[in-house]
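Colleague: These protein sequence lines map, in sequence, to chains A and B.
Under my numbering, think of the first position of the first sequence as 1, with each following residue one higher.
Under my numbering, think of the first position of the second sequence as 1001, with each following residue one higher.
Hint data in this document are derived by calculation from the structure and do not stem from the laboratory.
No residue lacks a Cβ here, since even glycine has one placed at the ideal position from N, Cα and C.
Certain hints may be false.
[Stated by the list, open to error] Simulated restraints on C-beta separations:
#1 P33/A with D1185/B: 41 to 47 Å
#2 P1136/B with E93/A: 34 to 40 Å
#3 E162/A with S1139/B: 33 to 39 Å
#4 N358/A with D1063/B: 51 to 57 Å
#5 D1081/B with A64/A: 55 to 61 Å
#6 N358/A with E1192/B: 41 to 47 Å
#7 D1063/B with S331/A: 56 to 62 Å
#8 S331/A with A1236/B: 48 to 54 Å
#9 N358/A with D1185/B: 47 to 53 Å
#10 E93/A with N1195/B: 22 to 28 Å
#11 D1063/B with E162/A: 42 to 48 Å
#12 N69/A with N1195/B: 34 to 40 Å
#13 R353/A with D1185/B: 34 to 40 Å
[Claimed, not checked] List of simulated lysine-lysine pairs, BS3-like, C-alpha gap at most 25 Å:
#14 K246/A with K1112/B
#15 K246/A with K1117/B
#16 K1233/B with K292/A
#17 K1079/B with K246/A
#18 K370/A with K163/A
#19 K201/A with K155/A
#20 K370/A with K155/A
#21 K89/A with K1212/B
#22 K1233/B with K218/A
#23 K1233/B with K299/A
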Amino acid sequence: MHALRFFWFPCLAILGLAALSSSSGCKEKTPIPIGFIGGISGRVADLGVAGRNGAMLAVEERNAAGGINGRPVELLVHDDEQNPDTARKVIDELLAERVELIIGPMTSSIAMAIMPQINASKAILLSPTVTTNDLKAKDDNFLRVISTTTDYAAKSARYHFEKLGRRKVAAIYDAGNRSYTEGWYNDFRDTFVKMGGKIVKTVTFTSSNDATFLHEVKELLAAGPDVVLIISNSVDSALICQQIRKINTEVNIAMSEWASTERFIELGGKATDGVHVSQFLNRNDDSDRYQKFLSAYRKRFSQEPGFAGVAGYDAALVAIDAMGRRKPNASLKETILQTMKFQGVQQQITIDRFGDANRKTFVTRISRGKYETVE
Amino acid sequence: MPPVRPLRSILSVQTTLVLLIPFMVAAVGIAALLYPTIKKDIELHQKQIAITVASRIGSYLEDAKSTVLGIALLKTDGKPDWHNMQQIVDAQIAASESLGVIYALDTNGRVKAVGLKTGTERQRQDLLELDLSRNPLFSQLSGNNSVTWSDSFLSVVGGGLSVALAVSSEDKLAIGEVQIRRLSDFLGQIGELGNEEIFILDRRGNLVADDKGRYTAQQLNLSNLPLVSQGMKTSAIHTGAITLSGRDMVGCYVPIPGIGWSVLVAQPLDTAYRPLRTIMGGIGIGAIIALLIGITLSLRVAHKLAGRFEQLAMHARQITDGSMDVQWPDSSIAEITELTADLQQMADKIGEREQRLSTLMQNIPGMVYRCANDRDWTISFVSEGCLKLTGYEPADLIQSTRISYNDLVHVEDRERIWNEVQHALARREPFTLQYRIVTVTGEVKTVQEHGQGIFAPDGEIVALEGVITDISDQVRLEEQLRHSQKMESIGQLAGGVAHDFNNMLTAIIGSAEIIMMGLDEGHRLLKFADTITKAASKSAELVRKLLLFSRKAPHDMLPVDINQLLGETISMLERSIDKRIEIVTDITAPDAKIIGDAGQLDNAFLNMLLNARDAMPEGGTLRIATRHCHIDEFFARQIGFAVIPGEYIEVTIADTGTGMTPDVLEHIFEPFFTTKDVGKGTGLGLAAAYGTFKEHGGTIRVYSEPEQGSTFKVFLPLGTTAAPPIEAPEVPVAIPNNRTVLLADDEELLRQLGDTMLREMGLNVILACDGKEALEIFAEHCQEIDLVMLDVVMPVVSGRDAFRMMKEINPNIRVLFLSGYTRGNSVEDLMDDPSVIGFVQKPYRREDLAHALSRAFAGNQTES
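Just need the whole structure built from these sequences, with the hints factored in.
Modeller: Put into structure tokens, the structure is as follows:
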């Protein structure tokens, strides 16, 4: 120590040289990591890609405005490939990176697969689009910015029964995302049957790259339904619609909000005209906030955001807002639950003490290749 | 003043700089030379890869394009045979490497034939009759023979990322889906050749393929990268920096013609510039090693040098602490040897100066000081003289360790000297103070202080410096001198008065005696004349005491034993003293012989004893003691001016009476000063005693405290060497008649009285009113004049002068001096002259005069 007093300058010089020769120097400020998990590759990646893009846009905008307390935010994007095993692996990686909050996943089946890991950690999962009832009203580490399937399914059932006078429904759903699809189906069925309607046929399938639907569609139509209810992703839904229209141009088609993307219309062609889709995105919204978001999203990604883009963006807004307002020694979960109300792109999102959100739902009808809000 | 730093620190910094600078210059030079070259190489290399990839992809897509074009342009004359078409697309898909699916559509956008790769045929039933009219490709086709590329999308067949190519003819539409996955495989092969990363971007900027396959399926949009957006805008080659997934990279953008896609070749900066970094790292490591060696060496040198300097400093400190006998260390370094010699020289000079200063300090009477200007006068330096002056060691006073200097100052003087010092400091003048201090033994000393303020350049007072000397002796001597001078002047005054009184008394007594002689016995006036004579005689006694005080009384100096004299005086006193007064005597001085006038001494002691008695009206103890005493010069100065060092007898008379206050003490020896009631004392007793002891070459001291009593100490010089007394013939001789006497006296009354007395004695008298007239008469009648009677003190020509001149006229002249003063004070020196035959002390009685004349004429007869 005595020698160091006299040789501080050479010591500093050596340390400086050592630092220079060993690394390229240190970063300005350590970024705050936020995880993202979603299916961004594969056949139905449109949901995951849009969700990621929405979250990415929110993060980029926040960083351009100076970050959180001067620290930039880094979005660590991981692909679950819509595969539960991959998703669990990805969560392990994210937890290893000590992220406190993960945005995602985009589908209920993946959420159910990874929740044990999340609950065992200190991290929280903030999902843009998971609507399953299986995670409803639970004091766990799962939070979301979207309502449960009950809201959408019940609303859709009532609409078809009351407004459109439908009484017989034949349903087809993807058993690969059972947590969501089956919940949705059950909620629809319960409401519809309760009102006096009838489920005349139910067919399930498992989505895959080489899935075919002609056979299943024939089975459904053979039951003579007023309405065919499709609960699956956009690509599968589009192909199912096309198969229905090959056989029957009259029967009504209803879909869950999962498929309500732009890709559905592109691929579904004219077969999509007249299809009723439930969703929380009000596509006729001309508010400044939404239009501004739309414009920024299009500019950044040269695509339409769809509901997943908006949900991803909203989830990221909630995450960033909570991180910014968090008090010392308070957890993110506490902060979000105490804050309760967050401003989303289209509406205020209210998150209850279980982390479930209350969000308005809309019924849309596709007309000439465009979604039109009818209720 | 620059900041002071240790030698080691300076040497280490400078060594580091000396070692570091060449490395830094080399590093900057190498970087400046190498960086542009490496950058250019990187750009060139990336561009080559990008162009190669672009060209390869171009041909890959061209292959697909020609297949789709061939199907679309197949001549069917407006009526396509879809069955035949199915066979054609099946054949084409099997032959094509790049295409994954081929659709043949009617003009409404409905799929009529689907070519599928082996393994996916079961999807055909779903795909046939699909309505693709809402597919953007359909709307983009502008007419016959037009070719258009789609955005990338996820194929419903196999789910892989694909791009579709659509070609229209008049009766049908052909769409081929190119499998992008195959591009990634191809890029992987190229990417393995180097460490570059290769990306294929679609026309929206979406990443559709990369050599590592990392982003291929994720449709990551890179249009936000400046390099990409610039390239997309201009469709030209661009190079520059990009940041991808948090990594800083350098990249090259090359567009792929026809499809609107592009190739992006990028390399992380650290990989790209690794050669430069390696070189710089090498330089850095070299610099570190050089620094380590350099520091070790400089540490040694610095340690050695600093050690030497510290040794020198330590020796210098020893000198500072007062040790002059310092052995300087040897050194082989010329500068240090020189420095050592200079330091030694400096030490010698300092020692010399210190010695001089120390001697000077010791020689300065009193104490030299330096103190703060505070109420304590807190001392920071004080010389050794402090001990002698105050009784305190210097260390006791420095920083007021034991006592503050202010506490030494007499409490009555503190405020005054504070004010005087502050006043002087305010005017920036030196100050001289006189005040009292109380020493460690409680002794009060009078000191004089010369001092001045020491001021900082900004005018603030830093300290006070000066010297304080003991002037107690000087003050005491001045006081004694003043007192002595006062007593002297009172004596002269008293003497003058006594002289005049004596003249008057001579006339009174003489006249009264003449009257008495003229009166018959039993005459009634005889009693009054006798009263006059007695009253005048009493007055003459008073005058004699006055003269004693002024030491102008006549005395007979003979050996006297003081022990004996005191014994007689005491025994005389014992008879009249109150029995309540105990007399304690210790008259045991081994040698008590002095030369003195026993009568005067007896009177003096008696007066003192009576005073002591009177001081004890309620009784007490009277102590009388004698002892031998040696008075040295110092003691002589202490007790008075007139005392000559030598052997003395000390007589102590102490009472336990009322004592005296200092005010009374100051005046007790003054004539007519008395504390007794009017009529009880003349105020001449002690004055006469004072004069008597002075006259005897001694002195008197008194110590007294009110209610405690008084102690008088008389010091008289021992000795027996006085000339034995001349035994005057006491035989009265008849005064011869008809002798002529010249009587000179300036007092008319005395002239007349003398004339009467002398004539009555049968003498002829010539009168002269002063010396001058006497001289003239003598000159004229010197032969007739038998005796000249001269008053000593006369105007114009004094008796003494007249005598000398007369003697010149007639050397055989015979003179009798008359004076109101004593002989010793006026004509003692002339008494040995044979012409001087006697001295008559005024006032004289006729008897005295007759006695003197008879002796004068007796001598005359003897001679004649």
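Colleague: Do the Cβ positions of E93/A and N1195/B conform to the proposed distance bound of 22 to 28 Å?
Modeller: holds (24 Å)
Colleague: Take a look at whether the Cβ-Cβ distance between R353/A and D1185/B falls inside 34 to 40 Å.
Modeller: Violated, since R353/A and D1185/B (Cβ atoms, about 51 Å apart) do not stay within the stated range.
Colleague: Does K163/A sit within 25 Å of K370/A, going by the straight-line distance between their CA atoms?
Modeller: holds (21 Å)
Colleague: Please test the hint of 55 to 61 Å on the beta carbon pair from D1081/B and A64/A.
Modeller: holds (59 Å)
Colleague: Against the range 34 to 40 Å, how does the distance between the Cβ atoms of N69/A and N1195/B compare: consistent or not?
Modeller: holds (37 Å)
Colleague: So the hint says 48 to 54 Å: do the beta-carbon atoms of S331/A and A1236/B match that?
Modeller: Holds: the Cβ-Cβ distance is about 52 Å, inside 48 to 54 Å.
Colleague: Tell me if the straight-line CA distance from K1233/B to K299/A falls inside 25 Å.
Modeller: holds (14 Å)
Colleague: K246/A and K1117/B were given as a pair; does the straight-line alpha-carbon distance stay at or below 25 Å?
Modeller: holds (24 Å)
Colleague: How does the Cβ-Cβ distance of P1136/B and E93/A compare with 34 to 40 Å: does it lie in that range?
Modeller: 36 Å Cβ-Cβ, so the 34 to 40 Å window holds.
Colleague: Given the hinted pair K370/A and K155/A, is their alpha-carbon gap at most 25 Å?
Modeller: holds (21 Å)
Colleague: Between E162/A and S1139/B, is the Cβ distance one that fits in 33 to 39 Å?
Modeller: holds (37 Å)
Colleague: Range hint 47 to 53 Å: satisfied by the CB atoms of N358/A and D1185/B?
Modeller: Distance hint for N358/A, D1185/B holds at roughly 48 Å.
Checked against the numbered hints above, the structure violates hints 1, 6, 11, 13 and 22; every other hint is satisfied.
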